[in-house]
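A.B. asks: Each chain is listed here by its residues.
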Amino acid sequence: MAYAIELQNITKRFPGVIANDQVTILVGEGEIHGLIGENGAGKSTIMNILYGLTQADEGIVRIFGKEQFIASPNDAIRLGIGMIHQHFMLMPNQTVLRNIILGSAPRKGPVIDEKKARIQIEKIMEKYCMQVNLDAVVSQISVGEKQKVEIIKALYREVRILILDEPTAVLTPAETDALIETMRKLKEQGCTIVFITHKLKEVLAATDRVTVMRKGVVTGFGETKDMNVRKLSELIVGREVNFDIPFGAYCPGETLLELSGVSTAPRGGRMPVKEINLKVKRGEIVGVAGVEGNGQSDLIEVIAGLIAADRGGITLCEKDISKLSIRQRRLNGLSHIPEDRLKTGTSTVCSISENLLLNKYFLTPFSRHGIFNHRHIKQHSKLLCDKFLVKTPDPSYELKTLSGGNMQKVVFAREFDTEPSLMIAAQPTRGVDIGAIEYIHGKLAELRDSGKGILLISAELDEIMALSDRILVMYEGEIVAEFHRGEADEYEIGAYMLGAKRQVAHSG
Amino acid sequence: MDLDLLFNASVISSAVRIATPLLLAALGCILCEKAGITNLAIEGFMLMGSFISIAYITKSDGSVLIALLAAMLGTMIYSGLFGLVVIKFQANHVVASIAMNLLSVGLTTFLLQAMLGAQGMIRPANIQKIPNMELDFLENIPFIGSVLHNQSFIVPLAIFMAIALHFVIKKTVYGMNVVSLGESEGAARSAGISVKKVQWSVILLSGLFSGLAGAYLSSVILSEFSMNMVQGRGFTAYTAVIFGNTNAILVWLVTLLFGWAEAIGVQLELAGIGVPSSILKMFPYVLAIIVLIISSVNTKRRKERKK
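Chains as they are written, first to last, in my numbering: chain A, 1 to 508; chain B, 1 to 307.
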């Protein structure tokens, strides 16, 4: 079999870490090759080397059998390599057409020949059955469309090798299926595809062969048909992973949190919520599904007290909290894992122990009359680090020395430690590896089984479906559907997420 | 107050004259802003341009035309220092700009004494001015004729360059590359655009334009160089760029507005209406603040209406 890409014994060192250690990846011509591993396993590094964004310290790169030195993306583009990044590389205020032709526009002298470009792009769109409005401005199209633009951009450059870096992280299930369909079409036309992901289901569904990485080394490779979820996850994590969340029976108690007719005022760039009615009871996890930007942020913040409600009432344990300050709400038994742990969840320049105490530093015994009791603080943060498996030599280190997963554990430890009666868990496992996901899911289940309520907001539909006793679907700031566990599959829920369907009445 | 006092041909004519160095400096600044570089150093570039052209005139036969070219070239080379700090060493743009501006004041004052032996200011006697345009055929057109009549050829040149820049940004490959940097450096890089080359080009061009702006100020309008003579015109030009939303045509109109505000001040002072001149001199800047407030309120409203 002829190889499109041969990466032989690639080593890349960054100060203090070896990102890739003797990594060998072989990708056959015209195959869809899965590259999987946890965050920080070195997948992105090796692909950046292939795309010329960074250079290897050791090792050989061969493209279509010929040894190459790829010094810049320009070299990669010349060799027919295209890359679609996890974060889209698009110009937000320019048209789709301009984004596609950027860097390789057809020209008449120094002037761009837009007419010719349009004809070329329309041909490509027809060939691969992808339609996008070329005159739309990028900031106004959906995430799925942006991804199409990225793919067309690559095809316009006549790529023969396409690297997709975590392309499905931002897509709904139906959009993911469409993407996999597109990948198959590209393969039929002779394109070689490297598909980077951490979602095992997609790897098994879409790829021909697969390479698994962990901590900078390749831990396994082979035909996809010889793999299964259990085997892959063991290769990824390095030990057995328990996917079954150990739940007790579902027996909801009295209502903990109730929102009645809550609306928020529109603010620049955000989707407000309209007339939200919902209840969270003791011993249940209520999941809120929805494409990001459909009002979830306002929902979280209006409950947590970061923004005020325009109309409606919020009660916690039968007490009206809608006028209370954030601290008062927290003292009444609310805890909140913010959706963006870097922006609102933590302070990266503060120490780990300061971050662990952000919600209780003002209470005795941590401080008395405004003076900190450092001995107690130290003891307590050490205890929390041990209990919540935060991997650090010393809690007095700055938070930014931790990996994303460990940072999230710090946030989780802080919010869990106050023994809340109701927890808002927003994107609790975003950007966190499989090991930490398993841990956090287990802890959420434990909290639920001890008779507390959890409002779970997540962009990962799989996560919502695995954890929630009840699922609410948000679309354009409203709750458009409600299901109990097992009542609907992901496609059904996906249809509501996209606004294609809507339940007429819902109790909330 | 008599409206004619605010809008007569002589006010408009001097407004156009005052607006021209602002526009020239703004043109380079537009390119930088589009490419994501905050270039406040045009203030210092202008000062350097003013100095180079007067220095050339003093030391040579006094040809203003060659002095203009020398100022453009010299200031372009000088702007390379800003490029080095901002592109190569990735310094904060605003801090680098402030450093450049302070350096420019000190350096020109020092060179004025060391090279030309003058203190504070110099007024070369041998200056050979380029005659202003005698546009007789325009005389029959009311207003426009009298506005453009007896102006330097730099005035229409600057307007032409504004239109040309507008075209370059909207229609050419180079323009698209510049815009892509400001929009998303990642997009530019992954499209194989050489980010540093484009960044260098916009900074050097801003040096070129600012050099011409400064030289026009010193050699064409005033026929002299004095310490720190640019007096915030570079900052005003930057303000015009932001107001005009980096659109060359709009920026031109904004510079005209600023030019008009300054011309009015002069006019009122001459008319002797009893307002202290120091207050009248504030007028353009007060106007700048008012327009900034209005434009930011407007954009906010527009954004909210969209939702």
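No lab work stands behind these hints, which were simulated from the structure alone. Computed from a prediction, not measured in an experiment: that's the story for all the values here. Note that beta-carbon positions come from the ideal geometry of N, C-alpha and C, so glycine has one too. Any given hint could turn out to be false.
[To be verified] Covered stretches of chain A (in silico footprint by chain B; criterion: 3 or more residues with CB under 8 Å from a CB of chain B, positions within the stretch not fixed):
| no. | stretch |
| --- | --- |
| 1 | 64-74 |
| 2 | 466-478 |
[To be verified] Listed below are the simulated BS3-like cross-link pairs for lysine-lysine, each with C-alpha atoms no more than 30 Å apart in a straight line:
| no. | chain 1 | residue 1 | chain 2 | residue 2 |
| --- | --- | --- | --- | --- |
| 3 | B | Lys171 | A | Lys116 |
| 4 | A | Lys115 | B | Lys281 |
| 5 | B | Lys59 | A | Lys146 |
| 6 | A | Lys146 | B | Lys196 |
| 7 | B | Lys129 | A | Lys146 |
| 8 | B | Lys171 | A | Lys115 |
| 9 | B | Lys197 | A | Lys127 |
| 10 | A | Lys116 | B | Lys196 |
| 11 | A | Lys108 | B | Lys196 |
| 12 | B | Lys170 | A | Lys146 |
A.B. asks: Would you mind marking each hint as holding or not holding in the structure?
C.D. replies: Hint by hint, here is what the structure shows:
Using a Cβ-Cβ cut-off of 8 Å, 3 residues of the stretch 64-74 of chain A lie near chain B, which meets the minimum of three, so the contact claim holds. Residues of the stretch 466-478 of chain A lying with their CB closer than 8 Å to a CB of chain B number 0, which falls below the three-residue condition for coverage. A hinted pair counts as satisfied when its Cα atoms are at most 30 Å apart, and B/Lys171 with A/Lys116 qualifies at roughly 14 Å. Taken as a hint, the A/Lys115 and B/Lys281 pair is broken in the structure, with Cα atoms around 51 Å apart against an allowance of 30 Å.
Between the alpha carbons of B/Lys59 and A/Lys146 the distance comes to roughly 60 Å, so the proposed pair goes past 30 Å and is violated. Using a Cα cut-off of 30 Å, the hinted pair A/Lys146 and B/Lys196 holds, with the two alpha carbons roughly 27 Å apart. A hinted pair counts as satisfied when its Cα atoms are at most 30 Å apart, and B/Lys129 with A/Lys146 does not qualify at roughly 57 Å. Using a Cα cut-off of 30 Å, the hinted pair B/Lys171 and A/Lys115 holds, with the two alpha carbons roughly 12 Å apart.
As the CA atoms of B/Lys197 and A/Lys127 are separated by approximately 36 Å, the hinted pair breaks the 30 Å bound. A C-alpha spacing of about 29 Å is found between A/Lys116 and B/Lys196, which places the hinted pair at or below 30 Å, so the restraint holds. With a C-alpha separation of about 25 Å, the suggested pair A/Lys108 and B/Lys196 falls inside the 30 Å cut-off, and the hint holds. Restraint check: the Cα-Cα separation between B/Lys170 and A/Lys146 comes to about 23 Å, which is no more than 30 Å; the hinted pair holds.
In summary, the numbered hints that this structure violates are 2, 4, 5, 7, 9.
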